[in-house]
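Given the coordinates of chain A, work out where chain B should sit on it, guided by the hints.
2 protein chains.
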Amino acid sequence: MYIEKIYTPSDLKKLTIRECQELAKEIRKALIVKASKKGGHLASNLGMVDATIAIHYVFNSPTDKIIFDVSHQCYTHKILTGRKDAFIDEELYNTCNGYTNPVESEHDVFRVGHTATSISLACGMAKARDLAGGKENIIAIIGDGSLSGGEALEGLNFGGSEIQGNLIIIFNDNQMSIAENHGGIYKNLQQLRETYGKCENNLFKAFGYDYLFVKDGHDIEELVKTLQSVKDIDHPIVVHICTVKGKGYEHAQMNKESTHWVRPFDIESGKEKNPFNGARYDYIIRDHLIEKMKKDERIVTMIAAVPGALSFSEEYRKQIGRQFVDVGIAEEHAIAMAAGIAKHGGKPVFATMSTFFQRTYDQISQELCINKMPATMIVVNASVYSADDVTHIGIFDIPMMSNIPNLVYLAPTNRQEYIAMLDWSIDQTEYPVAIRAPRNGVFDAKGEVDVDYSELNKYKVVSEGKEIAIIALGDFFQLGEELSDKIKKIYSINSTLINPRYITGLDKTLLTDLIKNHKLIITLEDGVLDGGFGQKIASFYGPQDMKVLNYGLKKEFLDRYNISEVMEKNHLCADIIAEDIKNYV
Amino acid sequence: MYIEKIYTPSDLKKLTIRECQELAKEIRKALIVKASKKGGHLASNLGMVDATIAIHYVFNSPTDKIIFDVSHQCYTHKILTGRKDAFIDEELYNTCNGYTNPVESEHDVFRVGHTATSISLACGMAKARDLAGGKENIIAIIGDGSLSGGEALEGLNFGGSEIQGNLIIIFNDNQMSIAENHGGIYKNLQQLRETYGKCENNLFKAFGYDYLFVKDGHDIEELVKTLQSVKDIDHPIVVHICTVKGKGYEHAQMNKESTHWVRPFDIESGKEKNPFNGARYDYIIRDHLIEKMKKDERIVTMIAAVPGALSFSEEYRKQIGRQFVDVGIAEEHAIAMAAGIAKHGGKPVFATMSTFFQRTYDQISQELCINKMPATMIVVNASVYSADDVTHIGIFDIPMMSNIPNLVYLAPTNRQEYIAMLDWSIDQTEYPVAIRAPRNGVFDAKGEVDVDYSELNKYKVVSEGKEIAIIALGDFFQLGEELSDKIKKIYSINSTLINPRYITGLDKTLLTDLIKNHKLIITLEDGVLDGGFGQKIASFYGPQDMKVLNYGLKKEFLDRYNISEVMEKNHLCADIIAEDIKNYV
Numbered sequence: 001m002y003i004e005k006i007y008t009p010s011d012l013k014k015l016t017i018r019e020c021q022e023l024a025k026e027i028r029k030a031l032i033v034k035a036s037k038k039g040g041h042l043a044s045n046l047g048m049v050d051a052t053i054a055i056h057y058v059f060n061s062p063t064d065k066i067i068f069d070v071s072h073q074c075y076t077h078k079i080l081t082g083r084k085d086a087f088i089d090e091e092l093y094n095t096c097n098g099y100t101n102p103v104e105s106e107h108d109v110f111r112v113g114h115t116a117t118s119i120s121l122a123c124g125m126a127k128a129r130d131l132a133g134g135k136e137n138i139i140a141i142i143g144d145g146s147l148s149g150g151e152a153l154e155g156l157n158f159g160g161s162e163i164q165g166n167l168i169i170i171f172n173d174n175q176m177s178i179a180e181n182h183g184g185i186y187k188n189l190q191q192l193r194e195t196y197g198k199c200e201n202n203l204f205k206a207f208g209y210d211y212l213f214v215k216d217g218h219d220i221e222e223l224v225k226t227l228q229s230v231k232d233i234d235h236p237i238v239v240h241i242c243t244v245k246g247k248g249y250e251h252a253q254m255n256k257e258s259t260h261w262v263r264p265f266d267i268e269s270g271k272e273k274n275p276f277n278g279a280r281y282d283y284i285i286r287d288h289l290i291e292k293m294k295k296d297e298r299i300v301t302m303i304a305a306v307p308g309a310l311s312f313s314e315e316y317r318k319q320i321g322r323q324f325v326d327v328g329i330a331e332e333h334a335i336a337m338a339a340g341i342a343k344h345g346g347k348p349v350f351a352t353m354s355t356f357f358q359r360t361y362d363q364i365s366q367e368l369c370i371n372k373m374p375a376t377m378i379v380v381n382a383s384v385y386s387a388d389d390v391t392h393i394g395i396f397d398i399p400m401m402s403n404i405p406n407l408v409y410l411a412p413t414n415r416q417e418y419i420a421m422l423d424w425s426i427d428q429t430e431y432p433v434a435i436r437a438p439r440n441g442v443f444d445a446k447g448e449v450d451v452d453y454s455e456l457n458k459y460k461v462v463s464e465g466k467e468i469a470i471i472a473l474g475d476f477f478q479l480g481e482e483l484s485d486k487i488k489k490i491y492s493i494n495s496t497l498i499n500p501r502y503i504t505g506l507d508k509t510l511l512t513d514l515i516k517n518h519k520l521i522i523t524l525e526d527g528v529l530d531g532g533f534g535q536k537i538a539s540f541y542g543p544q545d546m547k548v549l550n551y552g553l554k555k556e557f558l559d560r561y562n563i564s565e566v567m568e569k570n571h572l573c574a575d576i577i578a579e580d581i582k583n584y585v
Numbered sequence: 001m002y003i004e005k006i007y008t009p010s011d012l013k014k015l016t017i018r019e020c021q022e023l024a025k026e027i028r029k030a031l032i033v034k035a036s037k038k039g040g041h042l043a044s045n046l047g048m049v050d051a052t053i054a055i056h057y058v059f060n061s062p063t064d065k066i067i068f069d070v071s072h073q074c075y076t077h078k079i080l081t082g083r084k085d086a087f088i089d090e091e092l093y094n095t096c097n098g099y100t101n102p103v104e105s106e107h108d109v110f111r112v113g114h115t116a117t118s119i120s121l122a123c124g125m126a127k128a129r130d131l132a133g134g135k136e137n138i139i140a141i142i143g144d145g146s147l148s149g150g151e152a153l154e155g156l157n158f159g160g161s162e163i164q165g166n167l168i169i170i171f172n173d174n175q176m177s178i179a180e181n182h183g184g185i186y187k188n189l190q191q192l193r194e195t196y197g198k199c200e201n202n203l204f205k206a207f208g209y210d211y212l213f214v215k216d217g218h219d220i221e222e223l224v225k226t227l228q229s230v231k232d233i234d235h236p237i238v239v240h241i242c243t244v245k246g247k248g249y250e251h252a253q254m255n256k257e258s259t260h261w262v263r264p265f266d267i268e269s270g271k272e273k274n275p276f277n278g279a280r281y282d283y284i285i286r287d288h289l290i291e292k293m294k295k296d297e298r299i300v301t302m303i304a305a306v307p308g309a310l311s312f313s314e315e316y317r318k319q320i321g322r323q324f325v326d327v328g329i330a331e332e333h334a335i336a337m338a339a340g341i342a343k344h345g346g347k348p349v350f351a352t353m354s355t356f357f358q359r360t361y362d363q364i365s366q367e368l369c370i371n372k373m374p375a376t377m378i379v380v381n382a383s384v385y386s387a388d389d390v391t392h393i394g395i396f397d398i399p400m401m402s403n404i405p406n407l408v409y410l411a412p413t414n415r416q417e418y419i420a421m422l423d424w425s426i427d428q429t430e431y432p433v434a435i436r437a438p439r440n441g442v443f444d445a446k447g448e449v450d451v452d453y454s455e456l457n458k459y460k461v462v463s464e465g466k467e468i469a470i471i472a473l474g475d476f477f478q479l480g481e482e483l484s485d486k487i488k489k490i491y492s493i494n495s496t497l498i499n500p501r502y503i504t505g506l507d508k509t510l511l512t513d514l515i516k517n518h519k520l521i522i523t524l525e526d527g528v529l530d531g532g533f534g535q536k537i538a539s540f541y542g543p544q545d546m547k548v549l550n551y552g553l554k555k556e557f558l559d560r561y562n563i564s565e566v567m568e569k570n571h572l573c574a575d576i577i578a579e580d581i582k583n584y585v
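Protein chains in written order, with UniProt numbering: chain A, 1 to 585; chain B, 1 to 585.
Excised from the complex, chain A in its bound form (with noise of 0.2 angstroms):
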């Protein structure tokens, strides 16, 4: 076994190009292994073993900076760099996570997770070593999916006559996003694939690069010789391979969207192994809005390369035809363009990760909220329960998102009132609006729920007590209904409980109104305090006699979490709760 034997890259480089293919070989068969066990990024890994054994054979890391985009495929580049064992032994799986890490190695330039930063970033590193006088090579690995953000659109233009000096970058085109891909330039690089890179318009030189085309990215032989060809280049060029997304594993190759990001699942078959068979807001957001599009053409339900996010495999974004827009990994473009349907008849519904809604902040200002226009936004994994990779989490959008004027953000706090929020924004003409989806399971609403929601900003009083009014935002409802027994047991008393269901405002009516018999208020938000919601609560009682505790998590960037140690040290327990206010009662 040669991967037991690699410790640093310079143990790869003592190799020969024929030991390098068997290398590869074992690499692939720990990727899958571990996937299968773990679970993580696997098509995309294994499409990258090859190249990325060619690029530490032929440069020197860490004096040379190897940049990932995203770097979810940066697994072979770990096991060439001292983290072999997370791979190969089960015992030791958990000691690596799965995007670069400086704290884990020297070799990993940045934590990141997002996609498009990588051209951005090695702009930057060889502006700094242009500086300093520095000779090293700086390297971007970037996928062709990644092509289409904005942000790497940008550095490409930036590096295509900006940087003087020596940068490399390694474009990755394997023909996928986590989807197909969509824009003008899928049509471009095919037609350099068809002609080996040759074809009359480049777009790579028409951003200004010098190009070389290799196509086999599975060729360690070939891969080395163009690397060492570009090796200490005195100026940015693009090196366009050809790979094959889950190259290695039959089960990945055939099913490249599905193998994106694995479940623990059989190799054999391909199969997850255990399926989780509950209710889920992505199927039933899902189901509903492919119901209700089949019912109104103008309605058009908008996703950014995450199918995932309302889990629109291809089965389903066929049943809706048309009406389906996924826009590549463009958030800014997908918010104008909502924009843009919205403002000539159509009904736009746009869907992705709380965390990605971070790239279009100034669109949802600018282009929906200055303007009005109606779109809808789905904001899901937006919840401490949610993913948990730094990169990944989604505790800001409160503070992001409802401090912008004109947006309706709701929070429904069960299945039925999450159902009556989406068809009312879909269907009224006045506000750009925002539903964020619970995490913490499917719950059903025990009364009728309303369905209009045209009067802003009215909370709604669950239970009518005294003393002290619990108000609990979106999936934290349940755990002010948890508070509220434990109050009533401990101390018996009678505390109102709160929906107030409207993120973007205060009902001042009913706040005030509750100065006259209690004296204590809480509030409960699934995100960060800061900024957020109950803060506001705070500042409309800052001048009153009203006691005013905030509940939420603290400004911080959480990463790989135990829940429930985040939940206690935040004292997001009714236990805790109960116990924080004792001297209040």
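Among the clues, some could well be false.
All copies of an identical chain are treated as equivalent in the list; a pair is satisfied when it fits inside any one copy or across any two copies.
Distance condition first, Cα-Cα at most 27 angstroms in a straight line; then the derived BS3-like pairs of lysine-lysine [to be verified]:
#1 Lys519 x Lys582
#2 Lys318 x Lys135
#3 Lys519 x Lys187
#4 Lys187 x Lys231
#5 Lys198 x Lys187
#6 Lys135 x Lys295
#7 Lys486 x Lys318
#8 Lys225 x Lys460
Calculated from the structure, these hints are not laboratory results.
For chain B alone, coordinates are given in the frame of chain A:
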């Protein structure tokens, strides 16, 4: 005079081409005269007179949709669509704003002011049209400067393959952004101009578009002919027209950058009529940075196509040579590149307007703050005293930026404190730092200012009193001083006056100390209250007996406002606040 007879575009269509040429002259004269008296965007509008006439001559607005990018070049469009009086009658000059505005006219599709939005907005309208079975032309007008923006490139990519029907992109190539262009695509545009659109690599074709080239974008006859040939076209096409920024006014043609946007000037000499000669933070920061850069070649000053952010006109840019980087209109790239520079030992300083930082929220959060890269962001025009168009107001950056973990957002209150914070930020290596430039004039420190800000969130007690504490942030510190005096005078109370300095955190020790002998806290901030600074103070004191009054701006999109009125409406006057607190003292 033809201009006087144009009430709608149909009046224009009655003219001969020859008469259109005369009209163009009249329009240019009106633009120059109005700009000389009122200021506004000048050179950019002069370049688009003929093309705008041709567009309205050929297409049928408002059935056909004309979407301007940035829309600072829409003055001729306004003249041709019923708003000529706002350009020829001095008393009516104020009846139009400087950007497209649907409130003014059905011919204005969107309220925009930021760059790079037009293609995506047009894609949305084209999509809605196609779903509805419509046939109208959808036209985006975008300049070469805007094309460096990621959103424009995302839109260009999408439109190049995903819009099946009519989409006409009129690409106005005047070889300028506000200043010169930066990026590889501008080399390609030069080749296209030199070969009359026939060179081997064609950026637009590489993005999937049909393409036409018009050599002289001031030749109305040629433009009309070309546009007639693309009218009702059944697929996306780019019409590349070459224009001269400032066309028809020699002073503008010779000074394209300084006449992009002007203050009132003398037409004969081109000289500004009432130049401001007082102290200005843009000059102070620029001069300090230049001095500092000369001593430390690791410092890189970066802008994103807006040299005016720091008044970095050409003579100053030349002084610092390769230590100055203009990334073009590419804020996402700017922040990611800054992270790259910082990671590799450089000291990046990126300056732009508050409103443009909105375009790079995700990069600030991910590339900069997750990675804790020591970069400096200079946030200008972040104030109610700043630009007053709804698309450019600078009152949202506190909620947007200050709730991102790891960021240190500083609010200096005077010149010496600003310089000390800037020096500290550039020389430290621990934190991403943003500094909010005051806009209420340049004040001098009344005593020594601290030079070390590494003890985060340490507020400065400027005068110690009791009963009432005023926490006055940034450029509202002077309002705090005034209020303190007023309280002394009216209530004979020596209040405590605090300069918090840090927007991003609480000085909990100090805030706790205040409980002893204070009963009222007043916070003042120059930005929207929601999600901002004061609400964090209110939340901190929520469980206490302390009363808290937060003063700042209401969450709303202000537009072309009277500052005094806005200040009064929001109670941001010492008199009004002193009256407000009468029941608390």
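Quick one: which hint numbers does this structure break? Sort them smallest to largest.
-> 3, 7, 8
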